[in-house]
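Construct all of the structure, not just a fragment, from the sequences and the given hints.
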Amino acid sequence: MAAALAAGSIALGGAVQAQGALPAVQQQGSVQFVTGGVGLDESEAMKAASKDYPLALTFAARGNGRAGLYLADVAVQILDRTGKPVLDAKADGPYLLAKLPAGTYRVKATSGGVEQTRQVSVRPGSTARAVFEWKD
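Heads up: the sequence shown is residues 1 to 136, going by my numbering.
It should be emphasised that the hints constitute simulated quantities derived from the structure, not laboratory data.
Predicted, not measured: the structure shown is a model, and the values here were computed from it.
Incorrect hints may have been included.
Heads up, simulated DSBU-like pairs for lysine-lysine below, C-alpha to C-alpha not over 30 Å straight-line [unchecked claim]:
1. K47 to K90
2. K99 to K84
3. K108 to K47
4. K108 to K84
5. K108 to K90
6. K108 to K135
7. K51 to K90
8. K51 to K84
9. K135 to K90
10. K47 to K84
11. K135 to K47
12. K47 to K99
13. K135 to K99
14. K51 to K108
15. K135 to K51
16. K51 to K99
Estimated spans, in silico, between C-beta atoms of each pair [unchecked claim]:
17. T104 to N64: 31 to 39 Å
18. N64 to V25: 31 to 39 Å
19. R62 to R106: 34 to 42 Å
20. G29 to G63: 29 to 37 Å
21. G63 to P85: 17 to 25 Å
22. K84 to A48: 30 to 38 Å
23. Q27 to K135: 31 to 39 Å
24. Q116 to Q28: 18 to 26 Å
25. Q26 to K84: 26 to 34 Å
Note that beta-carbon positions come from the ideal geometry of N, C-alpha and C, so glycine has one too.
Printed below as a string of structure tokens:
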């Protein structure tokens with residue numbers, strides 16, 4: 001019993017530690033969001049926190065025989081179904097998590113002067129995911 005409690009405490013301590021590595025929550029208008037994921041601890045914290053956010057975006061590059069190189073400093077604009085911007089931010093790392101109400105959104109992400117667009121549908125109780133990948 002004591003061993004099980006000790007193991008549970010260690011596991012819980014790891015979860016608290018990962019949550020502590022999460023960058024600060026920011027707010028723009030009514031949208032709360034977090035950007036980051038640079039470094040292993042922060043990356044793991046962002047992945048773990050994604051379940052609490054209706055939208056999770058990932059930014060990466062590939063090319064020259066390489067795949068999955070994560071990007072930072074990506075300009076992100078999220079527009080509602082009427083074309084009104086609800087978030088205009090710069091991602092400080094390869095992940096951006098946003099708390100958005102249910103609905104359909106157009107997400108524009110720009111890296112190195114190249115813009116990509118995705119349409120995402122945010123539904124209650126789930127996380128919509130979009131990956132943006134640029135050729136290196």
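Against the structure, the hints:
1. K47 to K90: Status holds; Cα separation ~19 Å.
2. K99 to K84: holds, 16 Å
3. K108 to K47: Distance ~21 Å between K108 and K47 Cα, so the pair holds.
4. K108 to K84: It holds: about 13 Å lies between the C-alpha atoms, which stays within 30 Å.
5. K108 to K90: holds, 11 Å
6. K108 to K135: holds, 17 Å
7. K51 to K90: Holds. K51 to K90 sits at ~21 Å (cutoff 30 Å).
8. K51 to K84: holds, 26 Å
9. K135 to K90: holds, 20 Å
10. K47 to K84: holds, 28 Å
11. K135 to K47: Measuring from Cα to Cα gives roughly 24 Å; hence the hint holds.
12. K47 to K99: holds, 15 Å
13. K135 to K99: holds, 29 Å
14. K51 to K108: The hint holds at about 22 Å.
15. K135 to K51: Holds, at roughly 28 Å.
16. K51 to K99: holds, 11 Å
17. T104 to N64: 31 to 39 Å: holds, 36 Å
18. N64 to V25: 31 to 39 Å: holds, 36 Å
19. R62 to R106: 34 to 42 Å: Violated, since R62 and R106 (Cβ atoms, about 24 Å apart) do not stay within the stated range.
20. G29 to G63: 29 to 37 Å: holds, 36 Å
21. G63 to P85: 17 to 25 Å: violated, 30 Å
22. K84 to A48: 30 to 38 Å: holds, 31 Å
23. Q27 to K135: 31 to 39 Å: Distance hint for Q27, K135 holds at roughly 34 Å.
24. Q116 to Q28: 18 to 26 Å: Check passed, 21 Å falls within 18 to 26 Å.
25. Q26 to K84: 26 to 34 Å: violated, 19 Å
In this structure, the earlier hints numbered 19, 21 and 25 are contradicted, and the remaining ones agree with it.
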